[in-house]
Amino acid sequence: MTMKVRSLALVLAFVLVLGPAAVAFANSNPFSDVPADHWAYDAVTQLAAVGLVEGYPDGTYGGTRMMTRYEAALVFARTLARLEAMVEEEVYATNADLRDQVVAEVLADIEAAKAQLAALIKEELANIEVPVVEHTIERVVVEQPIEKIVEVQPVERPFQLTPEAENVIGKLVADLFKQELEAAELGAQEVVVETKIIERIVEAEDALTEEDVNRIAAAILATELERVYADHDSSIADVEAWIGAVVKRVHALEADQAALAGDVADLQAENNRFAGLIDGLQADVAGLEAALVAEIARVTDSIYALNNEFKTELALLGVRVDTLEKLFISLEDRLSGVEGRVALVEQEQTTLRKDMERVQLGGELTFEATSVGTNDGTVKSYFGDEYEPAALGLTQEGNLTLTVKASDSTTVKAIGAYEVSILGDKDITFSDYRLEVTSSTPITKFVAGNKLGDYVSKDINSYVLGSKPGTGATADFKFFDGFTGAAVVGDSADSLVGAAALSYKFIPELGLKAAVSGSYGDEEYMVNAASAGIFGELFGVGYEGNFAIDLTDKEAEENMLFGGKLTFKYEPIEVWGEYAWAGDDFGTAEGSLSGRPFILKPSEDPDEEFGKSKFELGASAEFLGIDVNGNYYREMDGENVAVVQAYKFGATAEFDIFVPLTLSGKYAWNLTGLGADPEVAVSASEIKIAVGPIDVFETGLSVDASFAMVNGTLEKDAYKEKGKFKFGEKKAFVIGANLNYGTTVGGAGLDLGYGVEFVMPRVEEGEPDPINELTHSVTADYSFTDNLKLELGATIFHTLEEVPETAQKYTAGLTFKF
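10 is the number of the first residue of the sequence shown in the numbering used here; add one for each residue after it.
These are calculated hints, taken from the structure and not from any lab test. Glycine included, every Cβ here is placed at the ideal spot set by N, Cα and C. Fair warning: there could be bad hints in the mix.
As the list claims (entries may be wrong) - Across the chosen pairs, the derived CB separations fall in these ranges: (1) D760 to L444: 47 to 55 angstroms; (2) G758 to I703: 17 to 25 angstroms; (3) D760 to G647: 26 to 34 angstroms; (4) N781 to G549: 52 to 60 angstroms; (5) I703 to D441: 49 to 57 angstroms; (6) G549 to S504: 42 to 50 angstroms; (7) E357 to G491: 52 to 60 angstroms; (8) G751 to S504: 53 to 61 angstroms; (9) L575 to T815: 51 to 59 angstroms; (10) D726 to T815: 29 to 37 angstroms; (11) L823 to E567: 28 to 36 angstroms; (12) A352 to I703: 26 to 34 angstroms.
Please model the complete structure; the sequences and the hints are all you need to start from.
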């Protein structure tokens with residue numbers, strides 16, 4: 010019943026939605042004034058197809074006319090009539106179909122049960138016939154001994170049917186069974202008397218009498234009858250069971266029929282309820298119709314009133330709209346023209362941008378003012394820092410770089426650096442001027458200008474060109490993978506010098522290289538030196554071997570050099586070693602371009618020792634966060650006696666124990682001179698502990714401090730040269746601290762710093778009391794932008810004694826990068 014209610018509700022819902030669509034769109038246009046491309050064409054033809062609108066007698070729809078209240082009432086009346094008819098038809102059709110379906114299902118079940126019962130009765134009647142055939146008697150007689158056959162006695166059994174079977178089958182089944190049984194007994198007796206089987210039995214047993222034969226026949230008949238009775242008992246039991254099942258099925262069908270009758274009654278009640286609902290809906294529709302008609306009348310009156318009120322304004326507005334449409338079309342045309350010009354301008358901008366990117370100017374300008382004052386002439390610190398009184402000076406330094414991308418594969422840079430003393434002689438000094446070209450062509454790099462040392466290829470080794478030209482040009486070549494070259498030419502003293510080199514790497518394990526140098530002076534060309542060598546890597550070990558000859562002095566005999574180098578790197582360990590030997594005449598002749606790779610070089614004093622061979626070993630490693638490095642250098646004369654011995658080592662370890670902590674130490678030692686006494690060796694060392702920098706609660710404030718024990722100093726870490734060791738006899742404790750603060754002010758960066766260093770010399774007993782030193786430094790940097798910075802600084806030095814030495818240095822600078 011619930012399913013039927015839902016079905017009826019769906020029908021009512023779909024009537025309003027799908028009712029008009031059931032007729033589909035009209036095949037032809039019913040109105041002459043509604044073209045097929047009109048936006049309301051489908052809606053108008055659909056309403057006409059279902060009969061809700063008919064149009065006017067002249068065949069038009071009148072879509073632009075105002076709908077009268079009479080026309081609106083007609084349309085709503087047709088809609089309500091169509092809705093009522095569809096709802097009533099759907100409800101009655103649904104109930105009639107349900108009743109017909111229930112009756113048909115019940116009748117079909119009854120007819121099927123009756124047909125099934127009749128078929129089973131017929132089958133059981135066919136199975137109770139008594140077939141008495143010749144082969145059955147033959148089997149019994151032949152297979153059993155005659156004595157047993159004679160002894161068999163007929164067995165009589167009553168034949169009874171159950172009351173249920175008698176009620177269903179009736180008297181017809183019982184009579185038919187008795188008739189068949191009697192016919193079977195007569196047929197069996199006739200067969201026994203007349204059959205040839207009995208004749209065979211008589212022939213087989215001559216002693217049998219006629220009475221014996223009759224007893225045999227009677228025994229056979231009794232056996233067969235007993236089997237027939239048994240078959241009948243089984244068949245009757247099956248029929249009784251089946252009849253019982255049929256009776257249960259009939260009872261079930263009767264119960265189902267009663268339930269269906271109840272459902273039919275419920276459906277009838279539901280139908281009556283729906284009829285009441287329909288009556289209520291019809292009343293609601295009538296009320297809605299009246300309200301809708303009233304609302305339509307009100308809206309129509311309002312529309313007429315508004316139409317009359319704004320008729321003139323609408324007419325004027327129509328004229329203005331036409332004018333605006335024409336103006337809009339004109340503006341569209343002009344806009345199209347502007348868009349075309351904008352596209353052209355954008356294309357030109359893209360081209361211009363590419364041209365501008367091809368040419369870029371960059372550099373740095375610095376203005377710096379300095380002033381130094383002391384209380385007593387030149388003041389020197391314990392470790393040699395000098396403060397020489399100087400008046401206020403203002404200098405300007407600048408470097409400019411012009412970069413031009415000549416093509417996708419070639420870039421050109423023009424570099425210039427200058428310095429001018431604004432408050433002094435105002436002379437401009439050009440310190441750097443170079444032209445650099447990089448390319449992916451066979452000439453990969455070309456540099457012309459001064460300070461070429463950092464740009465000359467390493468393939469042009471010091472054995473053929475010991476001193477690089479101060480001014481000139483150099484180039485690198487790449488002919489193909491593995492085959493490279495280099496060349497350099499420039500001035501040196503009163504001549505023009507040049508060198509060239511080639512290198513070819515056959516395989517990673519083997520490569521060849523060669524270099525040659527020459528000069529031009531006094532209108533004469535000269536080949537000064539040449540070298541050849543091999544290089545590669547075997548089993549993770551890089552190797553390099555060199556042979557060079559100095560051709561400057563044609564009569565020289567000891568003018569050759571041999572050298573080799575090995576490198577091995579296996580993280581975290583790196584080891585390298587180098588050896589070189591040179592003859593006495595190599596690199597010593599006047600005008601020679603070859604460089605001797607030794608610290609001590611020959612001089613005019615024949616008794617002065619110089620190096621003829623050297624050995625150098627270096628290693629570095631990282632272990633448990635500690636960086637360790639060490640170097641050893643030994644230089645020998647012609648007798649393999651050491652003339653220079655030097656070594657250095659250092660270690661650095663960084664920890665983070667609540668605060669950053671760095672421990673470092675370094676030591677260097679040098680003994681120079683043939684047979685020099687180790688007592689005259691020089692050394693320098695430093696052990697340092699540094700803490701920080703430490704950020705103070707993310708306030709922009711940071712602090713760091715250090716403590717160092719210093720014994721002498723070493724300039725530029727050049728431990729091989731004795732002259733680079735300074736103040737070897739001076740020892741001191743050095744304590745330093747720095748406080749820095751960084752913030753932003755109105756978008757600009759402000760960095761303030763303060764540093765202090767305290768030097769406390771250490772002296773041996775009996776020496777004069779040490780004079781401690783204290784140095785203060787203050788800095789203030791103001792960054793307008795990342796590229797414009799103002800820097801101010803002051804350094805105040807003074808000794809801690811009764812009459813101290815003092816010095817002050819003030820600096821101010823402005824740096825602009827572009």
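To see whether the hints hold, each was checked on the structure:
Take D760 and L444: their Cβ atoms lie about 37 angstroms apart, and the range 47 to 55 angstroms is violated. For the pair G758 and I703, the beta carbons lie near 21 angstroms from each other, so the given range of 17 to 25 angstroms is met. With their beta carbons about 59 angstroms apart, D760 and G647 fall outside the hinted range of 26 to 34 angstroms. A hinted range of 52 to 60 angstroms holds for the C-beta pair N781 and G549, which are about 54 angstroms apart.
In this structure, I703 and D441 break the distance hint of 49 to 57 angstroms, their C-beta atoms being roughly 40 angstroms apart. Range check, G549 to S504: Cβ separation about 45 angstroms, and the 42 to 50 angstroms hint holds. The hinted range of 52 to 60 angstroms is not satisfied by E357 and G491, whose Cβ atoms lie roughly 46 angstroms apart. At roughly 55 angstroms, the beta carbons of G751 and S504 sit within the given window of 53 to 61 angstroms.
Separation of L575 from T815 is about 55 angstroms and conforms to the stated range, judged on CB atoms against 51 to 59 angstroms. One distance hint, 29 to 37 angstroms for the beta-carbon pair D726 and T815, holds here, with the actual separation near 32 angstroms. For L823 and E567, the hinted distance range of 28 to 36 angstroms is not satisfied, since their beta carbons lie about 59 angstroms from each other. Taking 26 to 34 angstroms as the suggested C-beta distance range, the pair A352 and I703 does not conform, at roughly 59 angstroms.
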